[in-house]
Amino acid sequence: MYAQMVDTGAKRVRSLDELSPEERAFQERIDADIKIEPKDWMPEAYRKTLIRQISQHAHSEIVGMLPEGNWITRAPTLKRKAILMAKVQDEAGHGLYLYCAAETLGVSRDELIADLHSGKAKYSSIFNYPTLTWADIGAIGWLVDGAAIMNQIPLCRCSFGPYSRAMIRVCKEESFHQRQGFDIMIRLCQGTPEQKAMAQDALNRWWWPSLMMFGPPDADSVHSAQSAQWKIKILSNDELRQRFVDQTVPQADFLGITMPDPLLEWNDERGHYDFGPIDWQELFNVVKGNGPCNRERLSARVKAWEDGAWVREAALAYAEKQAAKAAKQAA
Amino acid sequence: MNRTEWPLWEIFIRSQHGLAHKHVGSLHAPDPEMAVKNARDVYTRRNEGVSIWVIRSADITASSPGEKEPLFEPANSKVYRHPTFFPMPDEVKHI
Amino acid sequence: MTTDRTLFDYLLRLADSDLILAQRLGEWLGHGPVLEEDIAFANVGLDLLGQARMWFAYASEVETRMNGRGRTEDELALLRDGGDFRNLLLVEQPNGNYADTIARQFYFDVWHELLLTRLERSADARIAEIAAKALKEVTYHVERSTDWIIRLGDGTDVSHARMQAAIDVLWPYTGEMFTADATDRALTGDGVACDSESLLAPWRERVGAVLSEATLTLPSAEWMQRGGKQGVHTEHLGHVLAEMQWLQRAYPGAQW
Numbered sequence: 001m002y003a004q005m006v007d008t009g010a011k012r013v014r015s016l017d018e019l020s021p022e023e024r025a026f027q028e029r030i031d032a033d034i035k036i037e038p039k040d041w042m043p044e045a046y047r048k049t050l051i052r053q054i055s056q057h058a059h060s061e062i063v064g065m066l067p068e069g070n071w072i073t074r075a076p077t078l079k080r081k082a083i084l085m086a087k088v089q090d091e092a093g094h095g096l097y098l099y100c101a102a103e104t105l106g107v108s109r110d111e112l113i114a115d116l117h118s119g120k121a122k123y124s125s126i127f128n129y130p131t132l133t134w135a136d137i138g139a140i141g142w143l144v145d146g147a148a149i150m151n152q153i154p155l156c157r158c159s160f161g162p163y164s165r166a167m168i169r170v171c172k173e174e175s176f177h178q179r180q181g182f183d184i185m186i187r188l189c190q191g192t193p194e195q196k197a198m199a200q201d202a203l204n205r206w207w208w209p210s211l212m213m214f215g216p217p218d219a220d221s222v223h224s225a226q227s228a229q230w231k232i233k234i235l236s237n238d239e240l241r242q243r244f245v246d247q248t249v250p251q252a253d254f255l256g257i258t259m260p261d262p263l264l265e266w267n268d269e270r271g272h273y274d275f276g277p278i279d280w281q282e283l284f285n286v287v288k289g290n291g292p293c294n295r296e297r298l299s300a301r302v303k304a305w306e307d308g309a310w311v312r313e314a315a316l317a318y319a320e321k322q323a324a325k326a327a328k329q330a331a
Numbered sequence: 001m002n003r004t005e006w007p008l009w010e011i012f013i014r015s016q017h018g019l020a021h022k023h024v025g026s027l028h029a030p031d032p033e034m035a036v037k038n039a040r041d042v043y044t045r046r047n048e049g050v051s052i053w054v055i056r057s058a059d060i061t062a063s064s065p066g067e068k069e070p071l072f073e074p075a076n077s078k079v080y081r082h083p084t085f086f087p088m089p090d091e092v093k094h095i
Numbered sequence: 001m002t003t004d005r006t007l008f009d010y011l012l013r014l015a016d017s018d019l020i021l022a023q024r025l026g027e028w029l030g031h032g033p034v035l036e037e038d039i040a041f042a043n044v045g046l047d048l049l050g051q052a053r054m055w056f057a058y059a060s061e062v063e064t065r066m067n068g069r070g071r072t073e074d075e076l077a078l079l080r081d082g083g084d085f086r087n088l089l090l091v092e093q094p095n096g097n098y099a100d101t102i103a104r105q106f107y108f109d110v111w112h113e114l115l116l117t118r119l120e121r122s123a124d125a126r127i128a129e130i131a132a133k134a135l136k137e138v139t140y141h142v143e144r145s146t147d148w149i150i151r152l153g154d155g156t157d158v159s160h161a162r163m164q165a166a167i168d169v170l171w172p173y174t175g176e177m178f179t180a181d182a183t184d185r186a187l188t189g190d191g192v193a194c195d196s197e198s199l200l201a202p203w204r205e206r207v208g209a210v211l212s213e214a215t216l217t218l219p220s221a222e223w224m225q226r227g228g229k230q231g232v233h234t235e236h237l238g239h240v241l242a243e244m245q246w247l248q249r250a251y252p253g254a255q256w
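Chains as they are written, first to last, in the working numbering: chain A, 1 to 331; chain B, 1 to 95; chain C, 1 to 256.
Don't read these hints as lab results, they were simulated from the structure.
Bear in mind that the values here come from a model prediction, so they are computed numbers and not experimental data.
C-beta atoms are modelled at their ideal positions from N, C-alpha and C, and glycine is treated no differently.
Errors might be hidden in some of the hints.
Stated by the list, open to error - Pair by pair, the computed Cβ-Cβ distance ranges are: (1) A:F176 - C:R5: 39 to 45 Å; (2) C:A209 - A:A324: 21 to 27 Å; (3) B:H21 - A:D33: 24 to 30 Å; (4) A:G106 - C:D195: 57 to 63 Å; (5) C:K133 - A:D246: 41 to 47 Å; (6) B:A62 - A:E306: 34 to 40 Å; (7) C:A201 - A:K328: 32 to 38 Å; (8) A:D183 - B:S15: 26 to 32 Å; (9) C:G68 - A:E239: 58 to 64 Å; (10) B:S15 - A:A25: 31 to 37 Å; (11) B:S64 - A:G276: 53 to 59 Å.
Claimed, not checked - Derived lysine to aspartate or glutamate pairs resembling EDC-like cross-links, with alpha carbons at most 16 Å apart: (12) A:K325 - B:D31; (13) A:K325 - C:E213; (14) A:K79 - C:D47; (15) A:K321 - B:D31; (16) B:K37 - C:E143; (17) A:K321 - C:D154; (18) A:K321 - C:E213; (19) A:K79 - C:E75; (20) B:K37 - C:E137; (21) B:K37 - B:E10; (22) A:K321 - B:E33; (23) A:K321 - C:D157.
Said to hold, decoys possible - Here chain A is said to cover these stretches of chain C; the calculated rule only asks that three of the stretch's residues, wherever they fall, bring their Cβ under 8 Å from a Cβ of chain A: (24) 33-39; (25) 49-58; (26) 74-80; (27) 143-154; (28) 241-252.
Chain A extracted, bound-state conformation (with noise of 0.2 Å):
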C-alpha cells in the first residue's frame, strides 16, 4: 500500500494478561474504539510505528507527485492540464496533513524527510515506475488511487486521532482523483485506434504493479497482527488486494481492455476474481532500490530540498530580524 510492510518491532503479539497495567489499559481502549490523541499514554512500539507508518504514508504523497507531475506540462487540453495541477497540489496537500499527523508524535517535518533522502525511510514501491504516455496519467488514477482509497478508507477509522482525522481529510478530497482517471481512460477507449491501444499499453504495465501495492500475504505476519490489534491496520493485504480485482475487473470490461493476466477467471464459488501469481520478487527489487525510477525519484526530491535550502533560511531569517524589531520597540 502507501505504506508497505511496516515493521512493528514485534517479535509475536501478547494476550492482555501478558501488558503491564499501563499497556493493559492502553489496549483496552483501542479495543472500546476509544481513539489515541498525542498527549495520551501510548507504548514505545506503537509510536514508533505509526511514525515509520505514517511518515512512509506521507512519503509516497510526495514522491508521488513526481510521475504526475511529469506530465502538467505536456497534458493535451487545457482541462485536463487544471484538473492534473489541481490533482498533484492535492497529493502536496495530503502529504502536508500527513506528515504533521506524524508530527505529532514527536517528530520534525525535516527529520522525517532527511530520512526519506537517506534511504532509511520508504515510500510506495509504484512511485518508481516510469509515467511513458497520457494514458499512464489515466491509468495512475483509476488503478493507483482507486487501490490507495480502497486501504485510506479502511484508515479513517484507526485507532490514533490525528492520523484517522488526516486520512478522512484525504479521502473526501480524492473522490475526485480516481474518477478523473477513469475519465481520461474512457476518452481514450472511445477514442482513435493508437488511443486505444494506449490505454490498453498503460493497463499492461500499471497493472501488476497496483496489485504489489498491497504488499506480500500478511496474513502470517506478526507486525500485521500486532498492527491490526492496535488499530492501525483494519484489513490484511489479501483481503484488500481481493477487493480491488473485484471492482477493478468490470471497470475494465467497461473500457473494452484487457488485464494483462491469463488466470483471471471468475470464480463462481468463492464469489470472488481468481487471478495469477504475482511476481513478489519484483516488488522486493523495486523496493531495495532497483525499480526504473528509484534513482531520479530520490535525487528529485533532494535537489528540490537542497535547492531550497536559501530560500528557507532567508525567510526565518527574515523573520527572526521582525522579531527582534518587535521585541526593541517594546522594550
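Take the given structure of chain A and dock chains B and C to it, following the hints.
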C-alpha cells in the same frame, strides 16, 4: 538542519459566518503572515473558509490527559446544567 | 476604432500571458522549496490557467463573429505557432531559481492587478466581467509575491544577492507592459482597453516601495526588450510550446 525548519502552526477556520473557528490541522510557516496565507492555500482549496486563525503550536497550553478526571468529572455530576434534567409536562409548549 | 480583429488580438494578449505563466508555474509543482510553497504556487497557476480559459472563450466568440467559426480554447492554445502568440516576453522567461520565479511573478502581478482594475470598468461588458472575476484572484497573487520579495530581499546575504540579481535580469522585460501599439490605441480610444502607458507610474511606485522595503534597489537601466505582444519572442517560447503542444500535434484530431 533545525536552523532552517519553519515553526509549526495550528490552523483554525471559520467555515461559515456565524460558526466558531474550528481546528482543521497544522502547517509550517516562517512567520504569522505567511502562516495565514499558507493556511488559505492549504486548507481552503475547496471554499472551506471565511476566516482564519493561526497560532504557533508551541504557544498552546493543553490540559494533560492524566488530569482528565479532576478536570472533567465534576461537570458530569452537575446534570442540572442540562435542560433534560427538568422534565416538562407534555401540555406545556415552547419551553 | 475597435474592430473584431483588434479585439481578438487584444484578448489573445491577455489569454496568452496567463497561459504561458501558468505553464511555467506548472513546471515547479513537486520541486518547490517547501510543501507549503508547492501548494501556494499551484493555486496561482490554477488561477491563471482559469483566467486564460475565460479570455480564450471570449476570443473564440469574437472569432466566430469574424469568420463564422471560432477556434476552441485548445485549438488556440495548442495549435497556434509561436509567431501567433501574443504573450509578454516576461512570462516566457525560464523559472531559474526561486528568486527568478518570484521576481517574474512580482513584476507581472503588480501590472496585472493595475490592468484588471482598469479593465473592470471596460466599455466591453464581457471584458469587464472577466476582469472583475480575475481581479479577486490577482489581488492575492500580488500579496504573496510581495511577501516573498521582502523575505528574500531582506533575508540572508545569499537571498538578498539572488533577489537583486533576479530583479535586475528581468527588468528589461517589463517595458513591454507599458508601451502601446496600434491595437492598444484603437481599443483604448473606445474605452475597451486601458491606456498601457498610464499604468507605468503607479507600477513603478508600487514596485519601488516594495523593493525599498526589501532593501533592494530599483534597476535604473533604460533599455527595454519588446516584441511579445506583436509575436516576436525570445527563444524560450518555442521550447515551451514544443512541450505544451506536443500531444495535440502528434495525434491530429484526437479527443482527449
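* Those earlier numbered hints the structure runs against, lowest number first -> none
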